[in-house]
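Sequence order for the protein chains is A and B. Start counting the first sequence at -1; every next residue gets the next number (the working numbering). Start counting the second sequence at 3; every next residue gets the next number (the working numbering).
Treat the hints with caution; some may be incorrect.
Partial list, derived from the structure: chain B residues whose beta carbon lies under 10 Å from chain A [claimed, not checked]:
hint, residue
1, V248
2, F288
3, K317
4, Y330
Derived Cβ-Cβ restraints for the label pairs, each shown as a range [said to hold, decoys possible]:
hint, chain 1, residue 1, chain 2, residue 2, range
5, A, N45, B, G237, 39 to 45 Å
6, B, K267, A, W26, 39 to 45 Å
7, B, I219, A, N45, 28 to 34 Å
8, A, R81, B, W234, 55 to 61 Å
9, A, R82, B, T261, 55 to 61 Å
In silico lysine-lysine, DSS-like type, Cα no more than 30 Å apart, as pairs [stated by the list, open to error]:
hint, chain 1, residue 1, chain 2, residue 2
10, B, K417, B, K545
11, A, K96, B, K313
12, B, K476, A, K89
13, B, K260, A, K46
14, A, K5, B, K513
15, B, K136, A, K46
16, B, K317, A, K89
17, B, K267, A, K46
18, B, K476, B, K136
19, B, K476, A, K19
20, B, K545, B, K414
21, B, K476, A, K96
22, A, K46, B, K246
23, B, K415, B, K136
24, A, K96, B, K267
25, A, K17, B, K313
26, A, K17, B, K317
27, B, K476, A, K12
28, B, K415, A, K5
29, A, K12, B, K246
30, B, K476, B, K545
31, A, K17, B, K476
32, A, K12, B, K136
33, B, K246, B, K62
34, A, K5, B, K545
35, A, K19, B, K313
36, A, K5, B, K62
37, B, K246, B, K267
38, B, K260, A, K96
39, A, K19, B, K414
Hints were generated in silico from the structure; no laboratory data involved. No residue lacks a Cβ here, since even glycine has one placed at the ideal position from N, Cα and C.
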Amino acid sequence: MEDELAKRIASHPKYQELKAKRTSFGWWLTIGMLVVYYGFILLVAFNKPLLATRIGSGVMTLGMPIGLGVIVFTVIITAIYVRRANSEFDKLSDEITKAVLK
Amino acid sequence: MKSTTKYALPFAALIGAGVAMAAGADLGQADKQATNWTAIAMFAIFVAFTLWITKWAAAKTKSAADFYTGGGGITGFQNGLAIAGDYMSAASFLGISAAVMASGFDGLIFSIGFLVGWPIVTFLLAERLRNLGKFTFADVAAFRFAQTPVRVFAASGTLVVVAFYLIAQMVGAGQLIKLLFGLEYMYAVVIVGVLMMVYVLFGGMTATTWVQIIKAIMLLAGASFMAGAVLWHFGFSPEAMFAKAVEIKTGLAVTAGKTPEEAAKAGFSIMGPGGFVKDPISAISFGMALMFGTAGLPHILMRFFTVPNAKEARKSVLWATTWIGYFYILTFIIGFGAIVFVLTNPSFLDAKGALLGGNNMAAVHLANAVGGNVFLGFISAVAFATILAVVAGLTLSGASAVSHDLYGTVIKKGKADSAAELRVSKITTICLGVVAVVLGIAFEKQNIAFMVSLAFAIAASANFPVLLMSVLWKGCTTRGAVIGGFLGLISSVALTVVSPAVWEATLGNPKGSAWFPYTSPALFSMTIGFVGIWLFSILDNSKRGDQDRAGFAAQQVRSETGIGASGASGH
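Kindly generate the complete structure, drawing on both the sequences and the hints.
Below, the structure written as structure tokens:
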């Protein structure tokens, strides 16, 4: 890509908007995932009895819904990003392309 | 079964060194079983079908671009299944379900570790990779840098990861064929080597992708059926399933001579975390290797170039994450199903009450229990097909690193014509196939439990930091990326060698003599990699360094918008 074109895109307000939105969204979700996963690992490392606490009258423990919850959370957080990126971010991208390549 | 120690080996590999088996195929030593003709016939059908697909793909594989990326025309959904296929190896199926059968909840901790890297790949890398690269992750890592040094680094990182992963898979294939088909170790290694060469040589990425998709569908369907059958038995009540499993584990502990109180405690232990996570540092370090290793595996990264644009790249990771997450929930249910239906059925146990063929047979015996002999054959064939597909993907990414990065860019300075590059890819594929077979035979009797976790640790400490810093940090320079990358690579290998898994278990030094006490080097080697890149970049006053920093703006525009990215047909 010629530098000229890159400069034109870089200074476009829509590009600034896209970059800012995507960067902060991506990092927030990354932090969310790190907190959930390492939170889980630290719980396993430091508080095993908590995860082995029974809930209800049967053998079900707190660890089971938490563990499965981490798996479900992983899929959902990915879906949240992809949904927003494939609609909002791609739309911004297309607008930038149209504006600078005309 | 000659002695009980035979059982101890795969079991120890699962629980002790544990880690490794879940992603790759470390299944420990296995004893040869009776020849299973149903399984062999099913596998033959799979092979015939995939060879037919390879023939179809061969007609479409004319240029180097077709070979590397299938022409870039694979949809997000298809690619998602293929990525899931690359990731759901025979060992994650057999190994995790066996780990769940043995220790319940701890098995879930493994699978979670293997899943959580995917969102990170999605948020930080997937679309930027697609927008910047063409064929290999080195295209992205070297985008604004001096090509030769970065490509040499990326090719080294790729080949080292591929080599360790390949050895683990080949040895796993040999052990599996003894268990599942009742054939000799040697047959498996040669069959896998030859078929993998055929797929990659003639069908390139198109054939490799479709083999992967078919296998992923078969594996998901088979595992769904098994988990469904188990849940159906309990009226779809997880509580009832867990209660029965606890009851059986308690009963087994009583039989083993424990007092009722101890037995109740042992039985209930499968419902919570046990001995898998020993010290917090190992736990975090290992978690980092899994999480960030996923984002640095070359055969996985390469899949992002097979889709036409960033939108499809994102869809493919979402599908992959969904399928892999679903698969790990299935293996968890299958493991509990194995406690209920396999551990209580004398026809799957030997005189001492241990599983016939070792603990890794948990899912296979369960297949027999819920679906009879034909379904057993199907699951055995799927497990073996799984290894074959993973090996094909690995070989393709190794071959691309040699032909595209080393030959095309370093030697020919980007002026190699497509036909010559394709020829080099094919020669490399044959070489890698031969090397894989030779190493598979050489490592037959070795303890290779560390190999897959090593591959993940290297990917996390060398490939991932360079990729991330080159894409996101303006100040990164050629010198920083290459020195930092190699420091990450060398430190992860060195720390693994002096860790208990290699120093004691493989090299046979006395227990407690390992210099590095933790399960995984990632916490330390990743830090070394990142700090190395940062330090040598800020100290870089060269002209090349200025040029590297100046190139960031244009790179960033392309990585964010995709303007100028290579399209599906524009390769």
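Status of the hints after comparison with the structure:
1. Restraint check, V248(B) versus chain A: the minimum CB separation of about 5 Å is within 10 Å; hint holds.
2. The interface hint given for F288(B) holds, since its Cβ lies 9 Å from the closest Cβ of chain A, which is under the 10 Å cut-off.
3. At about 7 Å, the closest approach between the beta carbon of K317(B) and any beta carbon in chain A falls short of 10 Å, and the interface hint on this residue holds.
4. Hint on Y330(B) holds. Least Cβ distance to chain A is approximately 6 Å, under the 10 Å limit.
5. At roughly 33 Å, the beta-carbon separation of N45(A) and G237(B) lies outside the given 39 to 45 Å, and the hint is violated.
6. At roughly 42 Å, the beta-carbon separation of K267(B) and W26(A) lies within the given 39 to 45 Å, and the hint holds.
7. In this structure the hint that I219(B) and N45(A) lie 28 to 34 Å apart at CB is violated, the actual value being about 40 Å.
8. Roughly 33 Å separates the CB atoms of R81(A) and W234(B), a value that falls outside the hinted 55 to 61 Å.
9. Hint check: R82(A) to T261(B), Cβ distance near 57 Å, so the stated range 55 to 61 Å holds.
10. A C-alpha spacing of about 25 Å is found between K417(B) and K545(B), which places the hinted pair at or below 30 Å, so the restraint holds.
11. Proposed proximity of K96(A) and K313(B) is supported: the alpha carbons are some 17 Å apart, at most 30 Å.
12. Distance restraint check for K476(B) and K89(A): the Cα-Cα separation of roughly 26 Å lies within the 30 Å cut-off, and the hinted pair is therefore satisfied.
13. For a cut-off of 30 Å, the pair hint linking K260(B) to K46(A) stands: about 23 Å separates their Cα positions.
14. This hinted pair does not check out: K5(A) and K513(B) have alpha carbons roughly 61 Å apart, beyond 30 Å.
15. Between the alpha carbons of K136(B) and K46(A) the distance comes to roughly 46 Å, so the proposed pair goes past 30 Å and is violated.
16. Note on K317(B) and K89(A): the hinted pairing holds, with a Cα-Cα distance of about 16 Å set against a maximum of 30 Å.
17. Restraint check: the Cα-Cα separation between K267(B) and K46(A) comes to about 14 Å, which is no more than 30 Å; the hinted pair holds.
18. With a CA separation close to 22 Å, the supplied pair K476(B) and K136(B) stays within the 30 Å bound.
19. Proposed proximity of K476(B) and K19(A) is supported: the alpha carbons are some 19 Å apart, at most 30 Å.
20. Proposed proximity of K545(B) and K414(B) is supported: the alpha carbons are some 24 Å apart, at most 30 Å.
21. Restraint check for K476(B) and K96(A): satisfied, since their Cα atoms lie roughly 27 Å apart, inside the 30 Å limit.
22. For a cut-off of 30 Å, the pair hint linking K46(A) to K246(B) stands: about 23 Å separates their Cα positions.
23. With a C-alpha separation of about 16 Å, the suggested pairing of K415(B) with K136(B) holds against the 30 Å cut-off.
24. Using a Cα cut-off of 30 Å, the hinted pair K96(A) and K267(B) is violated, with the two alpha carbons roughly 66 Å apart.
25. For a cut-off of 30 Å, the pair hint linking K17(A) to K313(B) stands: about 16 Å separates their Cα positions.
26. Taking the CA atoms of K17(A) and K317(B), the gap is about 20 Å. The hint holds against a cut of 30 Å.
27. Distance check on the hinted pair: K476(B) and K12(A) sit about 21 Å apart at the alpha-carbon level, within 30 Å; holds.
28. Using a Cα cut-off of 30 Å, the hinted pair K415(B) and K5(A) holds, with the two alpha carbons roughly 28 Å apart.
29. Annotation: proposed proximity of K12(A) to K246(B) is violated, straight-line Cα distance about 59 Å (limit 30 Å).
30. Annotation: proposed proximity of K476(B) to K545(B) holds, straight-line Cα distance about 16 Å (limit 30 Å).
31. Taken as a hint, the K17(A) and K476(B) pair is honoured in the structure, with Cα atoms around 14 Å apart against an allowance of 30 Å.
32. Among the hinted pairs, K12(A) with K136(B) is consistent with the structure: their alpha-carbon atoms are about 26 Å apart, no more than 30 Å.
33. With a CA separation close to 53 Å, the supplied pair K246(B) and K62(B) exceeds the 30 Å bound.
34. Under the criterion of a C-alpha separation no larger than 30 Å, the hint pairing K5(A) with K545(B) is consistent with the structure, at around 22 Å.
35. Between K19(A) and K313(B) the CA atoms are separated by roughly 17 Å; this keeps the pair inside 30 Å, and the hint holds.
36. Note on K5(A) and K62(B): the hinted pairing is violated, with a Cα-Cα distance of about 39 Å set against a maximum of 30 Å.
37. About 15 Å separates the Cα atoms of K246(B) and K267(B), which keeps this hinted pair within 30 Å; it holds.
38. Taking the CA atoms of K260(B) and K96(A), the gap is near 74 Å; set against the 30 Å cutoff, the hint is violated.
39. Between K19(A) and K414(B) the alpha-carbon distance is near 41 Å, which puts this suggested pair outside the 30 Å criterion.
In summary, the structure is inconsistent with hints 5, 7, 8, 14, 15, 24, 29, 33, 36, 38 and 39 from the numbered list given earlier, while agreeing with the others.
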